[in-house]
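Asks: Sequence:
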Amino acid sequence: IHAPAYTQLGAAYAAQGDPAHALEMYQQSTRLWPGDPEPLVGLGQAYLALGETAAARDAAQRAIDMAPRHPAAYQALGEALFRLGDHEKAAAAFRRAMQLGAAQGTAQLGLGQAYLALGQLHQAVTVLENCRAQGVENSAVYRTLGDAYARLGRPEDARAAYEHTIQLDPQDDAAYCGLGHLHAQRKAHKEAQAAFRQALRLNPGNAAAYFGMGLVHAAFGHHRQAIQAYKQAIARQQNYATAYHGLGQMYLDLEMHAEAHTVYTHARTLDERDPAYLNGLAKALTGLGEHEQALRLYQQSIDLDPKRAETRYGLGETFRALRQYDQAIAAYERAVRLDRHYAASYMGLGDVYWSQGRLYDALTAYERALRQDPDSAGPYAGLGAVYYSLNQPDKAVAAYRQAIQLNPAYAIAYYGLANLYKEMGQLKEACRLYEHALELNPKKAKLYGGLGDVYNALGETDKAILAYEKAIELDPDDAYSRGSLAGIFRKLGRQADYEMQITRARQLMAHENKYNRACFESICGNVAEALVLLRAALNLGQIDASWVERDPDFDFIRDDPGFQALIATYKDKTRPAS
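Be aware that the sequence shown starts at 6, since it is given in the working numbering, and climbs by one per residue.
One or more hints might be untrue.
With a straight-line Cα cutoff of 20 Å, these simulated DMTMM-like cross-link-like pairs (lysine to aspartate or glutamate) come out [unchecked claim]:
#, residue 1, residue 2
1, LYS451, GLU440
2, LYS496, ASP565
3, LYS236, ASP276
4, LYS94, GLU142
5, LYS433, ASP480
6, LYS449, GLU295
7, LYS195, GLU161
8, LYS192, ASP174
9, LYS192, GLU168
10, LYS496, GLU440
11, LYS312, GLU295
12, LYS519, ASP560
13, LYS448, ASP480
14, LYS449, GLU260
15, LYS451, GLU277
16, LYS496, GLU465
17, LYS449, GLU478
18, LYS312, GLU260
19, LYS496, GLU517
20, LYS448, GLU428
21, LYS448, GLU264
22, LYS195, ASP380
23, LYS433, GLU554
24, LYS94, ASP41
25, LYS448, GLU474
26, LYS475, GLU260
27, LYS496, ASP564
No lab work stands behind these hints: they were computed from the structure.
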């Protein structure tokens, strides 16, 4: 058999979808006629089909060396270079293929994909729209065009392109993924879920579809399902950096900071220049109490992208954890200046103002957050706390319930509502809410602390001890739980345990609010100090007098005439806001 016959056989096998036999035929042809570029082009295409990308590049380059004006050789070279991640050279190869008259649509598609990978979105659209204008009905052209429009923020054009892709090829799972992301961006999460599920039915190995399912589960507040979906995406594409980012965010939301640290550490190895992974790692370090390391990482992130609002917000969160409130406010305000539509910055300001007792400033900040993101649960939870401190319990309940409606898995909203019911004396309902919050986030120390308060008030001492001990296990610096636990030990006559907890609590108590410090002084038997702090707490709206009457931490001074007079004075008064 002559060499051209082997070349023809190779083409026939390739057309039948048998690249292995095609490769054998092309190799035999090149052995018989080493100077013919045609089998080398075929070799390049066969190697591409078999996933041997470097070999495909070399074969295509050899064909070009023999025939510098061979369009199919440049097409094969462009495809190989694209897969190898050399998008600039791939674009050059595709442009050359077009100049030499490559088959209509093929080189344009490759060039459009290369431009897309390079972030040259307008160029990608121009090339692909020209391709469409020429009458090319290729599903990959329309899908790539949809991707470009989506990244340009033109969702309607993107949707039309994806839908036309599906008309041309109903089995195109990637187009369903594109539609899913468009639905998710406009918060049509059920439609997004349906699109991603269809993509997975068509291709169970589609990593991007699992990533999309992770986004949907996260939006529904289903953290555990989101974690599993992100893990499925990573299992199918081990270097999927954005899936690691999603997984890390879920761990952060669940306060699984060690797990988040591991995930973001690996994500950084995949893309060291992306500030998102630095920020995620810094958030994990903040949760682990490694504040100085977190601050250093945020500075590195700022060096990479000085205009990223998310970084300044994260910096503010770390300063807030350090109780360096002035620095936190400065960081949040900087984030606002960088992006006035970034709702989290206003949320951060509200949280700091709340910690400082600046209730009306907090109210304004939370309302501004909601103007930017009306569907965010966090600001409603913040408003709930502020309204209750302003003696507006009905508004507080409504705000917490709105937060829960928006995000049924938002543990902090249940915690805030539980605190409210606890202070109003509805202890059974408070207990139910604390327990539900713990089902959602079993790593949150203050949830156990609140549950311990309820058990303590109900006289369920053993349960209270277990709850406070769990809070301390999760957060050894939880001064309030240590103080309350010390109070129980004092009542039980467990002097050594009392001394251990009260000593550590005293070391930690300096930064607590006045009410918690009043509880601490009561447990210690320091009546005068307890009453001074309690009066200040009542004036500041940190607590309601009806809860003070029931709080077991004040059992040690409850019979004191000064305590009784103070409670009588405040019980029926409206608590001042500040």
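Asks: Of the hints given before, which are not true for this structure?
Replies: 4, 5, 8, 10, 11, 15, 18, 19, 20, 24
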